[in-house]
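A.B. asks: Everything in the sequence shown is counted per the working numbering, starting at 335 for the first residue and increasing by one.
Simulated from the structure, these hints should not be mistaken for lab results. Please note that a few of the clues may not be correct.
As the list claims (entries may be wrong) - Keeping only pairs whose Cα atoms sit at most 27 Å apart, straight-line, the calculated DSS-like set for lysine-lysine is:
{"#": "1", "residue 1": "LYS419", "residue 2": "LYS458"}
{"#": "2", "residue 1": "LYS415", "residue 2": "LYS458"}
{"#": "3", "residue 1": "LYS419", "residue 2": "LYS460"}
{"#": "4", "residue 1": "LYS415", "residue 2": "LYS460"}
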Amino acid sequence: MVCIKSFIGAQAFQALAIMASPTPQISKDTGGELMAQASIYMCEHTYWNGQCRNELVDLNRCYNVPGGWNDRISSIRNDSKSFYKCVWYLDGNCQGGSYENQEDANLADGNGRFNDSISSYSCKQK
Numbered sequence: 335m336v337c338i339k340s341f342i343g344a345q346a347f348q349a350l351a352i353m354a355s356p357t358p359q360i361s362k363d364t365g366g367e368l369m370a371q372a373s374i375y376m377c378e379h380t381y382w383n384g385q386c387r388n389e390l391v392d393l394n395r396c397y398n399v400p401g402g403w404n405d406r407i408s409s410i411r412n413d414s415k416s417f418y419k420c421v422w423y424l425d426g427n428c429q430g431g432s433y434e435n436q437e438d439a440n441l442a443d444g445n446g447r448f449n450d451s452i453s454s455y456s457c458k459q460k
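Given only the sequences and the hints, what does the whole structure look like? Please build it.
C.D. replies: Here is the structure:
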């Protein structure tokens, strides 16, 4: 009897998890086509400390970092890295040196070139 209760409980939990999954947004601007977006996470200090923010970004489009975040980011993560690849740039408008690591909790290590230096980013489908 306990085994049946465990099985039913697991099935109920799985159904709730499926219902809670986010669905892609439909844009009226694209004639009702699904619009893919990547999710990126950035923090002002290393190892996800300090002020952090999550951004949903359209693919194949360049974004300058949000106001007040220019040359202030010390950790980055592409939460959609299974499907999309993001590139981080030293200068605005996706110019200058670029960095393709999809997750870096400490931009200050190594040569530290991208620590407090990211000004823009873009994401595309793999």
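A.B. asks: Return the numbers of the hints above that this structure violates; sort them in rising order.
C.D. replies: none
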